[in-house]
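The task is simple: from the sequences and hints, build the whole structure.
2 protein chains.
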Amino acid sequence: MDDKLMLMIPGPTPVPEQVLSAMAKHPIGHRSGDFGKIVAEVTQNLKWLHQTQNDVLILAASGTGAMEAGIINFLSPGDRVLVGTNGKFGERWAEVTDAYGLQTERLSVDWGKPLDPEAFRQRLESDTDKQIKAVIVTHSETSTGVINDLKTISSYVKAHGALMMADTVTSLGATSVPVDEWSLDVVASGSQKGYMIPPGLGFVAVSAKAWEAYKTAKLPRYYLDLGKYRKSSAKDTTPFTPAINLFYAMQAALRMMKAEGLENIFARHERLRQAARAAVKALNMPLYAADECGSPAITAVMPNGVDAEQIRSVMRKRFDIALAGGQDHLKGKIFRIGHLGFVSDRDLLTAIAALEATLQELGYDSFTPGAGIAAAAKVISNS
Amino acid sequence: MDDKLMLMIPGPTPVPEQVLSAMAKHPIGHRSGDFGKIVAEVTQNLKWLHQTQNDVLILAASGTGAMEAGIINFLSPGDRVLVGTNGKFGERWAEVTDAYGLQTERLSVDWGKPLDPEAFRQRLESDTDKQIKAVIVTHSETSTGVINDLKTISSYVKAHGALMMADTVTSLGATSVPVDEWSLDVVASGSQKGYMIPPGLGFVAVSAKAWEAYKTAKLPRYYLDLGKYRKSSAKDTTPFTPAINLFYAMQAALRMMKAEGLENIFARHERLRQAARAAVKALNMPLYAADECGSPAITAVMPNGVDAEQIRSVMRKRFDIALAGGQDHLKGKIFRIGHLGFVSDRDLLTAIAALEATLQELGYDSFTPGAGIAAAAKVISNS
Chain A
239 MDDKLMLMIP GPTPVPEQVL SAMAKHPIGH RSGDFGKIVA EVTQNLKWLH
289 QTQNDVLILA ASGTGAMEAG IINFLSPGDR VLVGTNGKFG ERWAEVTDAY
339 GLQTERLSVD WGKPLDPEAF RQRLESDTDK QIKAVIVTHS ETSTGVINDL
389 KTISSYVKAH GALMMADTVT SLGATSVPVD EWSLDVVASG SQKGYMIPPG
439 LGFVAVSAKA WEAYKTAKLP RYYLDLGKYR KSSAKDTTPF TPAINLFYAM
489 QAALRMMKAE GLENIFARHE RLRQAARAAV KALNMPLYAA DECGSPAITA
539 VMPNGVDAEQ IRSVMRKRFD IALAGGQDHL KGKIFRIGHL GFVSDRDLLT
589 AIAALEATLQ ELGYDSFTPG AGIAAAAKVI SNS
Chain B
239 MDDKLMLMIP GPTPVPEQVL SAMAKHPIGH RSGDFGKIVA EVTQNLKWLH
289 QTQNDVLILA ASGTGAMEAG IINFLSPGDR VLVGTNGKFG ERWAEVTDAY
339 GLQTERLSVD WGKPLDPEAF RQRLESDTDK QIKAVIVTHS ETSTGVINDL
389 KTISSYVKAH GALMMADTVT SLGATSVPVD EWSLDVVASG SQKGYMIPPG
439 LGFVAVSAKA WEAYKTAKLP RYYLDLGKYR KSSAKDTTPF TPAINLFYAM
489 QAALRMMKAE GLENIFARHE RLRQAARAAV KALNMPLYAA DECGSPAITA
539 VMPNGVDAEQ IRSVMRKRFD IALAGGQDHL KGKIFRIGHL GFVSDRDLLT
589 AIAALEATLQ ELGYDSFTPG AGIAAAAKVI SNS
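Respectively, the protein sequence lines represent chains A and B.
With the numbering used here applied, the first sequence corresponds to residues 239 to 621, in that order.
With the numbering used here applied, the second sequence corresponds to residues 239 to 621, in that order.
What the hints contain is simulated information worked out from the structure, not anything from laboratory work.
Any given hint might turn out to be false.
Which copy is meant is left open, so a pair is good if it fits within one copy or across any two.
What the hints assert, rightly or not - Simulated pairs of lysine to any residue, SDA-like, Cα-Cα distance not exceeding 20 Å:
{"id": "1", "residue 1": "LYS456", "residue 2": "GLN341"}
{"id": "2", "residue 1": "LYS275", "residue 2": "MET239"}
{"id": "3", "residue 1": "LYS263", "residue 2": "LEU243"}
{"id": "4", "residue 1": "LYS285", "residue 2": "ALA472"}
{"id": "5", "residue 1": "LYS453", "residue 2": "GLY608"}
{"id": "6", "residue 1": "LYS469", "residue 2": "GLY271"}
{"id": "7", "residue 1": "LYS242", "residue 2": "PRO458"}
{"id": "8", "residue 1": "LYS242", "residue 2": "SER259"}
{"id": "9", "residue 1": "LYS456", "residue 2": "GLY316"}
Since we're looking at a predicted model, the values are computed, not measured.
Laid out in structure tokens, this is it:
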């Protein structure tokens, strides 16, 4: 049906009506006092969500733009960086460091597996002359539904002294990312994920240690020069024209998040994660990531006996539910259920119910009809 | 009064209700066929507005981000660039080229004066060994309300062989910028201007000659790498998550522009320009830019006998009309009336009427009450 689309993809995520309404207001001048108040409130609430006293800067850019800014502002040509890669986004940050002439050293594991913190510890301990200037880790690897152990890796990076740079695009707002407690120096994310607003804003949290590195960092930048954003942010403004209406949206969304409370937000996502995984198991379909490293934001499924793209197609056409497919070499092999941001228990039950109907339509009979919903409902009712 | 704000600044410009409504729709997946259709339509209509067959690429970025992309994708470290500077934005592009280690050569005139095409001709003719790789010109200098003679300068650049890079942020959609006819290689603009939508999208048109330079250009970039956008654009998509809801807005705004027609849009802006200038003259206030180089998008006024900031303040507080102030050393010395985008004859009459009332309130008596409106109405009724 027209106008019935339900997003269960890892971004863009569903947007609340009050956020859409806020966004539809007429723009005001971005150099006005009224807009300054919005910048101040949004910035303050972003710090709350990041659990940090660090600067949190707002760019008119996607999450990739924000992450690139987070990398290039604190390094110089030839600097060695250690990049954890176990999916498309880890690979992307290595492409960024390559593009800027940094010495990229990949610490890779297979897609679908979590990065090995022990490998980071060993590599960092062996770097006695401190050649490694930064370590880049994707917290929630959107392409595979794996969450990496950022906390442990960051503790090793802190002991070493390099900068810890984290892509938290699909983890912030879905799970706790205590930036100060974990000593994360650079933390990048994008608006169309846990923040519950449409894409177009990128966020970068920057520690005092990173600002120290900024002073001598020599990679070229202008639009992505975070020093300019910091200077402007101190005056509740932005160096370049901000995406004004997305600020309206962000203001509304962050107010909703504050009303829900951090603990409740994280508990909701954990419940959705467990319910999704329990349901998929009950449907006898293999989960692509193991339980220990399943992301609270995305559940990737590698169906056997039925085609992943066919499942997505029927879900879309018959039930107006958008699921994500696999990326790169996983195209056609997995499908991904996004459950981050403005997603409720009801939404997850809906998606599982439709998935059961889809599987029946496709003749997949390796499950007891109703088993998926029974398993999801059990998780939800017990939480 | 609350909710009565009227924007007469050079960006953000007023946004039509149907554009705001379009923007308030739920986002859809940006990798879907439905979104691909929107990308295709918007791209096609952008080419129409640019009067070009060249690629027109869409970034989630401000106009500055788009312009930086336009510069850095086609040059290598140490390349010499000639930058015309006669205002804040010309200066900004020189800052960008400096930031990237290019050899920046400024061709400057005083703020408020137009760039001298003859100076470009002479400098380019003297560059017999073709050291100059690119020439950067701001078409409509938003900070001063001056429109530069891009057409003539571009003809000299073409004869020389360098790349012609133009900032058309406040000219595109306000006056004719025939990209192909003028041989403009790189043309950058932003959504919150003539396009009638909120800020957050940047546009770059790129010629075949620029793509040829791209092949050997070595400045680092990733998020702003236009090659990625070109490749994706050919498949009606974007390399990074697009600002989906701003695409909805853009789709609606471009449909409105097509319905109005290029000639009518340009005639309307020319009429607004003439009416604004006639009114200001009738109020016996000096125009900051001469008639020959007054921008169709912005009219800058340097009042004497009354304080520019006081005028802005009364206009804002008593009449809910936002005017722009001066930037950098012009702060407090000029005010600027934006009349680009979704601005009608009625809006201009409103602004002039309120300006007259403001001047009376401030005790400025160097004009005959009603003279401003009389002059503006004469222009409008004769057009």
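Tested hints:
1. LYS456 x GLN341: both (14 Å within a copy, 17 Å between copies)
2. LYS275 x MET239: between (41 Å within a copy, 18 Å between copies)
3. LYS263 x LEU243: between (24 Å within a copy, 11 Å between copies)
4. LYS285 x ALA472: Answer is within: at 14 Å inside a copy they meet the 20 Å cutoff, but 39 Å across does not.
5. LYS453 x GLY608: Neither. Shortest intra-copy (60 Å) and inter-copy (57 Å) distances fail the 20 Å Cα cut-off.
6. LYS469 x GLY271: Result: close within a single copy only, 17 Å intra versus 41 Å inter.
7. LYS242 x PRO458: neither (46 Å within a copy, 43 Å between copies)
8. LYS242 x SER259: For LYS242 and SER259, both the intra-copy (18 Å) and inter-copy (18 Å) Cα distances are at most 20 Å.
9. LYS456 x GLY316: both (10 Å within a copy, 16 Å between copies)
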